[in-house]
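Q: Here the protein sequences come in this chain order: A and B. With our numbering applied, the first sequence corresponds to residues 5 to 320, in that order. With our numbering applied, the second sequence corresponds to residues 10 to 166, in that order.
Hints were generated in silico from the structure; no laboratory data involved. Values in this document were obtained by computation on a predicted structure and should not be read as measured data. Any given hint could turn out to be false.
What the hints assert, rightly or not - Coverage of chain B stretches by chain A, computed from C-beta distances (three or more under 8 Å per stretch; other residues unrestricted): (1) 71 to 83; (2) 152 to 160.
Said to hold, decoys possible - Computed Cβ-Cβ distance ranges for the label pairs, DEER-style: (3) A308(A) with R66(B): 44 to 52 Å; (4) C288(A) with L149(B): 39 to 47 Å; (5) A46(B) with K239(A): 22 to 30 Å; (6) G34(B) with D269(A): 35 to 43 Å; (7) D201(A) with R66(B): 23 to 31 Å.
Glycine included, every Cβ here is placed at the ideal spot set by N, Cα and C.
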Amino acid sequence: MEHLVRAEAARDTLGAGSLVPPAPGPMVPVAHRVVETWRETEDVVTLVLEPVGDALAPFRNGQFNMLTVYGVGEAAISVSGARGEGLLMHTVRDVGNVTHELCRSGPGDVIGVRGPFGTDWDAACGAAGSASDDSFGAGYSDSAADPVVVVAGGIGLAPLRGVLYELLAPRSDGGRARRQVSAIIGAREPSQLMYRDDLEAWERAGGQVLTTVDVAAPGWTGHVGLVTALLDHAKFDVEHARALVCGPEIMMRFTARGLVDKGMDPDRIWVSLERNMQCGLGWCGHCQIGPLLVCRDGPIVPYAGVVSELLLQRER
Amino acid sequence: VTATPLSTLVADHPLFRDLPGDAVGPVAGCARNVAFAPGELLLVEGEPADTLYLVRRGRVAIEVRSPTQGSIVIETVGPGSVVGWSWLVPPYRWHFDARAQTDAGAIAVDGACLRAKAEADPELGYALMKRVATVLLERLQMTRVRLLDLYGTPRAR
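Required output: the full structure, derived from the provided sequences and hints.
A: Below, the structure is given as structure tokens:
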């Protein structure tokens, strides 16, 4: 609504009949140019986008944008990071018509972007984080030094990428991140592990990075099994730690239960929900699940309470 | 350097943690400390199943041999986990291979010895079976979830 209010104000200032067009509302995609793409896995591509004109409002880690392929449609895609001034990173899995076209796009192509929408990981991390208008913001305050365990499955790592960089950002004196951060990352098979360079960067920054696959491939010498099997290997103090979980909902459910079984307070577990997001503003109701409009009240929500029950409900 | 008594190592392993004090001794009486180099086999498919391994360090892969693909890793386990269940039920033969992926250390508990003690002391036997059932149930549940192929392509599922 803020956009509409601003448009009204502009018209009042300039006078009725002005030729200055109103500011685009939140339902109008803003043109962005694809500047770079690379393939993360066989069916996952990362796009780097720059605004053709004005940039969108800064995003916060965990939020999503609606990406429009003109003439095809729109899809909700998490922001997976920023890259330099005003550049957005989105990692897209080819699972439908829109995402197929997004994955086929290349430098110079123009797509529409609306957003950012939804909630972020800040509350999950126990602090009011900064907006990521540059590469991964300025980190969190000293008062929020709880250890964090991040559990990601498949493409679920995309919305966690930025927050991992933020959590592991060097201290102001250049030392290693003060927080104890463990990341447990699951994939179907080794070739589907995304962000390989980032995994190494997080380890170099002092994070514990554990990867596991459901199906081993020749030469794979890492863990094989569910992400929940690695909860015992992760170094985190279950009493004080916070958990950020994103992946298929069944995986999130089992992970959350596993954490609770280990003694974690459900209030300290946060999950990222995915539903049929369309307007991104809580207007259309397509993403409603129980009392939540996921695009507005989510995607990042606390696991405790109603969400633990909602994860058992079938999407309508 | 004083070596940690075997009974302490057994009592510290999650499978036997909080076992009644007088029950640890009989289990430790069946146990010995073992170490494996990377690539070394703990157990081999088809051979007599005679040992329960309580993994203390390193990583162990449960494998199955394929004529076309060589050894396929089904699952990996680490410290605090258990390798080898087939000593528990007839015909006492291993169904899979288990191979150390890294330097690994374990407490090897003689299966026949443990079975005999469990038969002789039903209280110990019941406590043991409850713990074994808990681990097996956890493994079964994880296997079922993996069968869902959660990260697979939605169209293919």
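Q: Report the numbers of all earlier hints that the structure fails to satisfy, in ascending order.
A: Checked against the structure, the only hint that fails is number 3, while the rest are satisfied.
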